[in-house]
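**Q** So the sequence lines, in the order shown, correspond to chains R and A.
The opening position of the first sequence corresponds to residue 1 in the numbering used here, with each subsequent residue numbered one higher.
The opening position of the second sequence corresponds to residue 1 in the numbering used here, with each subsequent residue numbered one higher.
In short, the hints are calculated from the structure, not lab data.
Think of the CB as a built atom: it goes at the ideal place given N, C-alpha and C, for glycine as much as any other residue.
Worth double-checking, as some hints may not be accurate.
With a Cα cut of at most 30 Å, we get these calculated DSSO-like pairs of lysine-lysine [to be verified]:
(1) R:K190 x R:K325
(2) A:K200 x R:K320
(3) R:K471 x R:K508
(4) R:K325 x R:K347
(5) R:K540 x R:K471
(6) R:K508 x R:K540
(7) R:K325 x A:K200
(8) R:K273 x R:K214
(9) A:K200 x R:K326
What follows is a list of derived Cβ distance ranges for each label pair [to be verified]:
(10) R:C544 x A:M44: 56 to 62 Å
(11) A:E53 x R:F349: 54 to 60 Å
(12) A:A27 x R:K412: 44 to 50 Å
(13) A:P38 x R:P543: 54 to 60 Å
(14) R:E99 x A:T47: 27 to 33 Å
(15) R:G397 x A:A27: 40 to 46 Å
(16) A:M44 x R:R421: 52 to 58 Å
(17) R:K273 x A:C269: 56 to 62 Å
Which bits of chain R does chain A cover? Going by a derived footprint, with three or more residues having C-beta under 8 Å, they are [what the hints assert, rightly or not]:
(18) 70 to 77
(19) 318 to 327
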Amino acid sequence: MLTRLKGGHVVDPANGRDAAGDVFVEDGVVVEAPQAGREADETIDCTGLIVMAGAIDIHSHIAGGHVNTARLLLPEWHRAFSSRPGETALSRVGWTTEETGLRYAEMGFTTVVEPAMAPSSALHAHLELADTPIIDKATLVVLGNDDLLMSMIREGESAGAIADYVAWTVSASRALGVKCINAGGSAAFKENVRQFGFDDVVPDYGVSSRQIVKSLQTAVRDLGIPHPLHVHCNNLGVPGASSDSIAATIKAAEGDPLHLAHIQFYGYGTEGKRRFSSRGRELAELVNATSEITVDIGQVMFGQTVTISSDELRQFAGSKQASPKKSIIFDHEANGGGVVPMDYKRKSFYNALQWAIGLELFLLIEDPSRVFFTTDHPNGAPFTTYPDIFALLMDRGVRAKWLDALPKSVVKMTSLPEIEREYTLAEIATMTRAAPAKLLGTPDRGHLGAGAVADVAIYRPGEDKAAMFGKAAYVLKDGDLVVRDGTVVKHRYGRALTLRPEADKAMKTRLDRYFDDRYGLSSRWFEVPDGALGREDPFKVVPCRA
Amino acid sequence: MTGLTFRKRGEPEERLDLSPLVPARLAGLSEREVAALPVGTSRMGLTVGDVFEVVGGDPSSICFAGGSTRFDRIGEAMQAGGIIVEGDAGARLGRAMAGGRISVEGSVQGHAGSGMSGGVIRIGGDAGERLGGPLAGEMSGMKGGTIVVSGSAGPRAGDRMRRGVISISGNAGADVGSRMIAGTIVVAGTAAGTPGRLMKRGTLFLCTGAETLAPTFLDNGPADLLILTVMARDFAAGEVGPVAFEGMAMRRLGGDTAVLGLGEIFLPC
Numbered sequence: 001m002l003t004r005l006k007g008g009h010v011v012d013p014a015n016g017r018d019a020a021g022d023v024f025v026e027d028g029v030v031v032e033a034p035q036a037g038r039e040a041d042e043t044i045d046c047t048g049l050i051v052m053a054g055a056i057d058i059h060s061h062i063a064g065g066h067v068n069t070a071r072l073l074l075p076e077w078h079r080a081f082s083s084r085p086g087e088t089a090l091s092r093v094g095w096t097t098e099e100t101g102l103r104y105a106e107m108g109f110t111t112v113v114e115p116a117m118a119p120s121s122a123l124h125a126h127l128e129l130a131d132t133p134i135i136d137k138a139t140l141v142v143l144g145n146d147d148l149l150m151s152m153i154r155e156g157e158s159a160g161a162i163a164d165y166v167a168w169t170v171s172a173s174r175a176l177g178v179k180c181i182n183a184g185g186s187a188a189f190k191e192n193v194r195q196f197g198f199d200d201v202v203p204d205y206g207v208s209s210r211q212i213v214k215s216l217q218t219a220v221r222d223l224g225i226p227h228p229l230h231v232h233c234n235n236l237g238v239p240g241a242s243s244d245s246i247a248a249t250i251k252a253a254e255g256d257p258l259h260l261a262h263i264q265f266y267g268y269g270t271e272g273k274r275r276f277s278s279r280g281r282e283l284a285e286l287v288n289a290t291s292e293i294t295v296d297i298g299q300v301m302f303g304q305t306v307t308i309s310s311d312e313l314r315q316f317a318g319s320k321q322a323s324p325k326k327s328i329i330f331d332h333e334a335n336g337g338g339v340v341p342m343d344y345k346r347k348s349f350y351n352a353l354q355w356a357i358g359l360e361l362f363l364l365i366e367d368p369s370r371v372f373f374t375t376d377h378p379n380g381a382p383f384t385t386y387p388d389i390f391a392l393l394m395d396r397g398v399r400a401k402w403l404d405a406l407p408k409s410v411v412k413m414t415s416l417p418e419i420e421r422e423y424t425l426a427e428i429a430t431m432t433r434a435a436p437a438k439l440l441g442t443p444d445r446g447h448l449g450a451g452a453v454a455d456v457a458i459y460r461p462g463e464d465k466a467a468m469f470g471k472a473a474y475v476l477k478d479g480d481l482v483v484r485d486g487t488v489v490k491h492r493y494g495r496a497l498t499l500r501p502e503a504d505k506a507m508k509t510r511l512d513r514y515f516d517d518r519y520g521l522s523s524r525w526f527e528v529p530d531g532a533l534g535r536e537d538p539f540k541v542v543p544c545r546a
Numbered sequence: 001m002t003g004l005t006f007r008k009r010g011e012p013e014e015r016l017d018l019s020p021l022v023p024a025r026l027a028g029l030s031e032r033e034v035a036a037l038p039v040g041t042s043r044m045g046l047t048v049g050d051v052f053e054v055v056g057g058d059p060s061s062i063c064f065a066g067g068s069t070r071f072d073r074i075g076e077a078m079q080a081g082g083i084i085v086e087g088d089a090g091a092r093l094g095r096a097m098a099g100g101r102i103s104v105e106g107s108v109q110g111h112a113g114s115g116m117s118g119g120v121i122r123i124g125g126d127a128g129e130r131l132g133g134p135l136a137g138e139m140s141g142m143k144g145g146t147i148v149v150s151g152s153a154g155p156r157a158g159d160r161m162r163r164g165v166i167s168i169s170g171n172a173g174a175d176v177g178s179r180m181i182a183g184t185i186v187v188a189g190t191a192a193g194t195p196g197r198l199m200k201r202g203t204l205f206l207c208t209g210a211e212t213l214a215p216t217f218l219d220n221g222p223a224d225l226l227i228l229t230v231m232a233r234d235f236a237a238g239e240v241g242p243v244a245f246e247g248m249a250m251r252r253l254g255g256d257t258a259v260l261g262l263g264e265i266f267l268p269c
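Bound conformation, chain A alone:
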């Protein structure tokens, strides 16, 4: 049985709130009921039917045929099922999701995977700012699950992250892993700014090095650790896939001593 498909009719003239289009909310709705769901954010009162041609199918597997940077809040609070976006997505993709998978072929804007607690997000292009990070005032960012970005990530990826894995194949913007509470971030490219600024615990792999390091990180010297091999093998076998630090000689830095100081950054020797 094929999935439920939302074919984009054209570029919408306003930002859309697509948070209702998750499997749990669509289960049991007819095509007409789905088409009547409100998704607009202005007084125009746009509905699903105004923006998309809805092609019926199993709502546990949703496909957006054609994406847009105006498609906000795709997969918000999703519990299970799958969403595929053939194109770009807007802000807050997969925010607070607890399970299932989201796959975006293009790039996404800020706060993708914000506060997610489970599931998998794969982004074919680039991610915007604060990947997995909290919204203003929230006490923690990503709490579990996996985010894999094939391109680069914007500033402060993994901000206040608590658990889970973020893998970035390209470069990371300024201050990746800022205020991390725990969790793991792997950056294959270079990391701008001061990575790990105010991290309490957690692990950062910066496989092509860092632009600058905060003076509150202490060099612990070369770290030929068995756990790195185990982790690389485990990542390769799982959702994350092969990681750049596999077989690489690494050096460990401890910090940020401005706060708790139990975090670690691994750099190439």
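Pulled out of the complex, with its shape left as it was, chain R reads as follows:
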């Protein structure tokens, strides 16, 4: 069936389109305009509307062990949702896989990446993702605090051996990439270390954070995994130390691609009488000057949320600020992690400055194809705040209004009031569509050229950008009309995008022995089989680079 999206303003930077025109969709993919004489079977009138590819969120914690723990820790928010809709920010997210899929789709997002899947909870994560409707999903698997990797580095094993281990882990856990979270920090935490920098050494293993990051970066490159190593740097949130850590990590990229996650949490200096200041400008300049680096922001928005992280060291330190006063810290194998509820307050100097630093980074990093749109959901804010962030980026007037409501002491500490830049629609499309597809190595999406999957988001433009991006006029997923006027009208399931790098057979034998020795389990327990997920076709395999 041929569908014509007629007469909309097509914003497709990947193909250089930014003008009124038609988009044709057939059998779930975008096709060239048909030969004269062939009529479309269905026409959606997009006159006066903005037509973009479906948006891609590269960093949003929507599934896996820690997300589930947050649900268990905070049962009162389930109730808040049922009895007082809209009362808390998180109640708008809901907590279910169902709501995650629907709310994302309503905003025109069609692909979302869960960025912190522990290898041991891969099956759990994929079961949840398989239950998340509409959107396509992907995961990044977490390495870097695990015994085997650190032992291999300590023993001086070859880059090839390490790459084989990484390949097996990615393949078994059905991931689309590799993330390392406070490399070595969680392992050091178990030896009572409470401060861990980029060149500190993990006790007993004798390997530094730098060695771990570089080993993984090399393995990812050598395996041809399209998404560069996704790094959560050391010392997250620590004024001074955080910006030193991220600067050291950026310098360590040494020409090879590296992605740094939620950098807002690293833009903190120690100036001012509260010993907390913005280093947003310096960090943005460093990113601008280092072309192999990509970043996402992790914007903070005000309101109640919960932080979910596999950075056990950081979460342990942050648990003292928990609001409400309860938290869970896992001191288990590899990364461990923690769940700490947070209430970001507009009137708090620290929270308001965090908000401003995030926007400084968004606006001062010049290339929209190297900065990605995230709140690190739900760590900086729930993903339902995205429409407000689009408005803040695209409209200086909206920013001025928000700034007026902040404490005066904050406005003095940020360069945000002087920044005049407003994101254009094409820049937004680059940041949320074209660039993420390129970063993830999924050329079948993020644009509207012939051959792309027909994931299309159509918005009704208006002065109020939050309203525009909050409720898409139409959303097509694989050519199916799933959302109309901001409401889901068709329920369907997407797939998880995965890689299948081949590991050497000897590595498989070695891991069988390792898991049997250390866990008393077969390595098969850590593999995610297709058949377990209860969907006919749960995965879509993305090729590695040759």
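Based on these hints, arrange chain A on the given structure of chain R.
**A** Below, chain A without anything else, positioned relative to chain R:
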């Protein structure tokens, strides 16, 4: 001037959410507007008028003529005024109330006075589980005010209680005063389970003794304390009324040492 009366027409076929029927919400509403308020919890869309005959009067004093165990959330978040229930009440009676008084002639179900911060609740019959206790996930239960139960209370009365007084004339179910943060609970009858399990601070009077005591409570010996006399006298003169430990020789146990250990249980010598 007489109060506003809700006369029960018959036993409702579903549980009702009566949280809108508090003085502050009804002030200024006509009888017809009151009768149109939704109270159903199913898709039937029951309103006040379907269940009650509304007899007009001053909404600062509300009377339910005829109660039911299906009448949930009576007096929720009430700030001032009075509610009388001539019969039984359902779950969450007076939850999160900050002031005023609620008086129930019959028995009530679970979570009565949950998280209340002020005011008085009097229950003529028995109370259900977790009297004054928090709902799942909440960090504290009762934060102030007074609850007086003439009958017995269900398990875990005063769970995570922070402040205020609970007086139970009958027996207490398992683990009264569990996870108490502070406050006072007086039980005239016996206390089942392990009273005061994981209490940090707070005071439990178990005037007919306890079924078992957790091994993490330490016996401090007889406690002939002036404060007990002062408290008994003060209770007798106030909302709580005469208490069973007045003039009784008491023994003190400190605990729960599994947590902070600053709580105390008084037992008869």
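**Q** Hint by hint, say whether it matches the structure.
**A** To see whether the hints hold, each was checked on the structure:
no.	hint	result
1	R:K190 x R:K325	holds (24 Å)
2	A:K200 x R:K320	holds (19 Å)
3	R:K471 x R:K508	violated (48 Å)
4	R:K325 x R:K347	holds (19 Å)
5	R:K540 x R:K471	holds (28 Å)
6	R:K508 x R:K540	holds (23 Å)
7	R:K325 x A:K200	holds (16 Å)
8	R:K273 x R:K214	violated (37 Å)
9	A:K200 x R:K326	holds (16 Å)
10	R:C544 x A:M44: 56 to 62 Å	holds (58 Å)
11	A:E53 x R:F349: 54 to 60 Å	holds (57 Å)
12	A:A27 x R:K412: 44 to 50 Å	holds (46 Å)
13	A:P38 x R:P543: 54 to 60 Å	holds (57 Å)
14	R:E99 x A:T47: 27 to 33 Å	holds (30 Å)
15	R:G397 x A:A27: 40 to 46 Å	holds (41 Å)
16	A:M44 x R:R421: 52 to 58 Å	holds (56 Å)
17	R:K273 x A:C269: 56 to 62 Å	holds (59 Å)
18	70 to 77	holds (count 5)
19	318 to 327	holds (count 3)
Consistency note: the structure conflicts with the earlier hints numbered 3 and 8.
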